[in-house]
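Based on the provided sequences and hints, a complete structural model is requested.
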Amino acid sequence: MSVLVDQHTRVMVQGITGREGLFHTRQMIAYGTQVVAGVTPGKGGEWADSVPVFDTCKLAVEATAANCALIFVPARFAADAMLEAADAGLPLIVCISEGVPVQDMMLVRPYLDKCGARLIGPNCPGLLTPGGAKVGIIPGHIASVGTVGVVARSGTLTYEVLHALKQAGLGTSTCVGIGGDPVNGTSFLDVLKLFEDDPLTEKVVLIGEIGGRDEEDAAAYIANNYGKPVAAFIAGQSAPAGKRMGHAGAIVEGGAGTASEKIAALKAAGVRVARHPEELPALLA
Amino acid sequence: MSVLVDQHTRVMVQGITGREGLFHTRQMIAYGTQVVAGVTPGKGGEWADSVPVFDTCKLAVEATAANCALIFVPARFAADAMLEAADAGLPLIVCISEGVPVQDMMLVRPYLDKCGARLIGPNCPGLLTPGGAKVGIIPGHIASVGTVGVVARSGTLTYEVLHALKQAGLGTSTCVGIGGDPVNGTSFLDVLKLFEDDPLTEKVVLIGEIGGRDEEDAAAYIANNYGKPVAAFIAGQSAPAGKRMGHAGAIVEGGAGTASEKIAALKAAGVRVARHPEELPALLA
Amino acid sequence: MKLHEYQAKTIFAEHGIAIPRGRVADTKEQARDIAKELGGRVVVKAQVLVGGRGKAGGVKVADTPAAALKHAGEILGMQIKDLPVRKVLVDEAAAIKTEIYFGITNDRSARKPVMIASASGGIDIEEVAAQTPEKIIREHVDPFLGLRDYQLRHIASMIDLPREHWAAFAKIAHGLYNVYKNTDATLAEINPLVITEANQLVALDGKLVVDDNALYKHPELETLRDSDEETPAETEARIHGLSYVALDGEIGCMVNGAGLAMATMDIIQLYGGRPANFLDVGGGAGAEKVAAALRIILRDSKVKALLINIFGGITRCDEVARGVLTALETVGARLPMVVRLVGTNEEEGRKLLADAHMLTATSLADAAQKVVAAAGGAR
Amino acid sequence: MKLHEYQAKTIFAEHGIAIPRGRVADTKEQARDIAKELGGRVVVKAQVLVGGRGKAGGVKVADTPAAALKHAGEILGMQIKDLPVRKVLVDEAAAIKTEIYFGITNDRSARKPVMIASASGGIDIEEVAAQTPEKIIREHVDPFLGLRDYQLRHIASMIDLPREHWAAFAKIAHGLYNVYKNTDATLAEINPLVITEANQLVALDGKLVVDDNALYKHPELETLRDSDEETPAETEARIHGLSYVALDGEIGCMVNGAGLAMATMDIIQLYGGRPANFLDVGGGAGAEKVAAALRIILRDSKVKALLINIFGGITRCDEVARGVLTALETVGARLPMVVRLVGTNEEEGRKLLADAHMLTATSLADAAQKVVAAAGGAR
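Protein chains in written order, with the numbering used here: chain A, 1050 to 1334; chain B, 1050 to 1334; chain C, 9 to 387; chain D, 9 to 387.
Hints are supplied without guarantee of correctness; some may be wrong.
Estimated spans, in silico, between C-beta atoms of each pair [claimed, not checked]:
1. A:G1165 with C:I104: 43 to 49 Å
2. D:D90 with A:G1319: 42 to 48 Å
3. B:A1079 with C:E238: 38 to 44 Å
4. C:G280 with B:A1317: 25 to 31 Å
Derived by calculation from the structure, the hints in this document are not laboratory data. Because the structure is a prediction, the values reported are computed rather than measured. We treat Cβ as the ideally placed atom computed from N, Cα and C, and that holds for glycine.
If you want it as structure tokens, here you go:
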């Protein structure tokens, strides 16, 4: 088993008939992912290419035994989409949609926890297990099969790292893009634990950024006898405090959560910290 | 250890300065219960007889290490009182107040569950462990120390049974009045499990009434190798269907929850069912 | 507290739910005028707080104002399950294509509100539930999250509602959920919810029952209470804070506590008698309340004997005895009475009643047997 | 989106929070008239969307309308942290007995709203938090239950608020929580919340920051946006859906994705340059958006060289190249540019730019070193 998804994962795409949803569904299918169902309210009974479309998640799950939801709906419908997927019993929900209001997420997250559903995102690039499955928008060709587990908050910066690893001849076991919103699902810490238990992952790359305490929490966990070597990069060393940097999560809160604090915490935990993304492959040697 | 409360239980009375709160506080102290704190907003710093009064539960718990809340506040403040007690970390909350709206309880109950607090009630007479502690309004003198565990939905009917047991020379280990509201805390089933694990309880008396499915759930549990003999009485055999019988819980819902159904379920589970309350002592022989 | 159809539908309309045009009338002439105002066919509907009015002939269609006058006259003269009809609702008649059921109530086992829907509305929904349970769609609402749109899409697809009506259905369902929340309802129901020939979704009939315990939050609902629909005894009981239900038997009961009151009725029946009522004087009842309770019971001419069963906890037996004596001064002791007082101040209570020529009993079984004998023996 | 003090306080007042009488003025004459209307002492306060206006002299007390005119004139001519003051709020001056701090914000670690209160309001609350953390009371609100009265009693007792003010405090706190909920705020703050000599609780100053992602729910708030407070570049960026922050350096950056944009800035700094801005064109940016981004960057006269760093995933490199060419036609290529295109359609993109006299790079490190050199070398 790889981490979270593999070739047996049965993906249900919410918002499959939208522009992004359809584009990435095709990409995923081309990569070899099993996309078994789509959901678009009012379009039940239609098809998105070869994928049957349903009106509701419950109907989709009943008909196709989907076990992973992937959400591409506009931000204002994203909270409902996550709740619907959890209510339909899906154990893994990946939400790509960006721009979900924080107060909505403060309701969604505890409800999903109560349902026992794991959420990745929102506002994230999703999951890529090279040679297994691609659930999200990470371009498949930029990573090769390998033993480095990658976990990251941002999108294109993650691609940059995957690309750099591949250029250096290093493959990826699974890449998890957790997203950078202030209230989200899976954290760095959660993914570190998954990688720790995954026999196919030998080393871990963590790509953080300013804001929040997620990297600090991860550092504290690593410091306590983490079983695998970790290298990291933290974006935002040049960012002025308090300026909003596009990601809602990338706000330095009350002096905490700065890049230098995070880097210090990681270094103290024995993590090798890169000065820029392209240094990472060398640090894994 | 007895069930739920004993002489070491440290009771905090919410609404202690009210007429009922003060009356029953005196009764409890006279019985030997440790009433360590009272809470009445705006009266912090005063005393109710020998009991210090606080403005909030948190302050009361910090000062007195209370570990059981007993609530006498008017119905419109009862939901807040239960939530406050749970937030202050009390593991056992007994709510005597009657008339709490059902929709309020649909919010309170899951919140208390989340906090890990056990609720008895609302609209219940509370707990009596003869020789140990009295937490609620069950008259202390009507029961003697013994080995019969009593669990009941109603108030005075419970007293009637305790009285009949005492007249017959049978003592009580603990009496738990769970209340008859449609949405409440502890159920018959929960208390049956507590009695099952309690070495001081040898036999169990269950006093049910029409409405809901609590007695049926208890019967199903008893049927599955319950370790102690159980006798029961179900009130409402003569009640016409659909008429409201004072207790919000005592409404026959859509043909289910009638006395005859409950009696049949209990009998099928091997429970001896009395025709009237005074028959119960004989059934325990 | 149950509300009348016309009251329920007014509240529904305030929450954005489409209802037929119409108004309530106290007299047949008013009904005719409303029919004239509405124009076209109307339906005249008895407003009573019991079910089964349709089968009792309490709902009639009128093609003309004159017919409305005639039907209203008949209906306003009816009794439905012993309740006189004092008001009729005159609604424009809808051209019905489809009848749906949609309701929201509390599910006490799940501790959540539950929405219930069926494509087979209009007829008795309980019958549908019993015969073809698969036609009943149940969907719980998380009380913290509230009603979510996807739940309504699920219901709509499960009852095969044509897609063109999904948006209208969602609006009505959100409206009804808001009614349920805003009134602390225990039941909010639209039956039937119809699709008209003009392809509109309309709530043709409505039921609303609100939680008595929550009325303090909604003083505006308390004003809708129709005390015409209560017997004078029920009204008096409510005013005195007594829980009272009249029954058909001959033995009056006054008891403290609902559970004990039911057990007392049960034991009367066990020994061959029939209880004339359920009456719970509540905890800590004082003399005045007891006196009122006694007056209410003795007003029932069917009552041949009376059982007073008090287990004194908060309630003091001497207070109860004083109430009994006070009431007897007013109403006179025309019947045999059996009194059982146990618990707080039982001695004082018994002493007070010693001269009042009452039968006393110590055990519940003894009391029941005595009162059944006093009422003329087991039947 | 930050609101002005006068806007925040208007919303507070709509939620039942007591605020001083007062109005906003664009000119000193208006300020004088408002002072006349209010009578007595007034306070004239600069309305700018940055902190520290008090220390900058942007808040002044006036005893007479003439003094208000004078102060308003001075304040309306000021710049506070580079932002010109265009409005002043003229409030009646309060006679202050006590200053309290009370605010509600999101706690991302707890994933809940948190109320923060302190008996030491008025001065810099962050200073209080740093020096005497025990004076800061934190109380989380469960987002499902909402704010409960007992939480406010807890806060009131912890900040030693005299009991006579508890009811008024509860009303204000509920009001502020409703503001927070109803506007999807990320911060709703009253500082100071004062007890006046007349023993009233009044919100003397107010801050409100709302979640940009939730503005679609609150179109009425969008109309409160003060684009006077944005630089023209920021306004243009917002209109085109670009995320843009101006900085002090000399190297312009155009990147797709916020994380990569930050990493690009970091590496420029690592090699001795200074970024002139943060600019994220977002995912799937088309030619038009790219052209707008380029125009915004090139308008900054401090910019000496430009780095375009695109990792094509959803974004197509050829689209980006087309946007760059379009923009150059309008603004002219007055600066050295380094372009790095990797990913989807990178070959096509590179071909399009081949004739545009740009430096190209394959690695990020290479690109950063080239642009730093082009801008005049490391400092």
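Evaluation of the provided hints:
1. A:G1165 with C:I104: 43 to 49 Å: With Cβ atoms ~44 Å apart, the hint holds.
2. D:D90 with A:G1319: 42 to 48 Å: Cβ of D90 (chain D) to Cβ of G1319 (chain A): about 44 Å, so the range 42 to 48 Å holds.
3. B:A1079 with C:E238: 38 to 44 Å: 43 Å, holds
4. C:G280 with B:A1317: 25 to 31 Å: Given range 25 to 31 Å: holds, Cβ gap about 28 Å.
Violation of the numbered hints given earlier is absent; every hint is satisfied by the structure.
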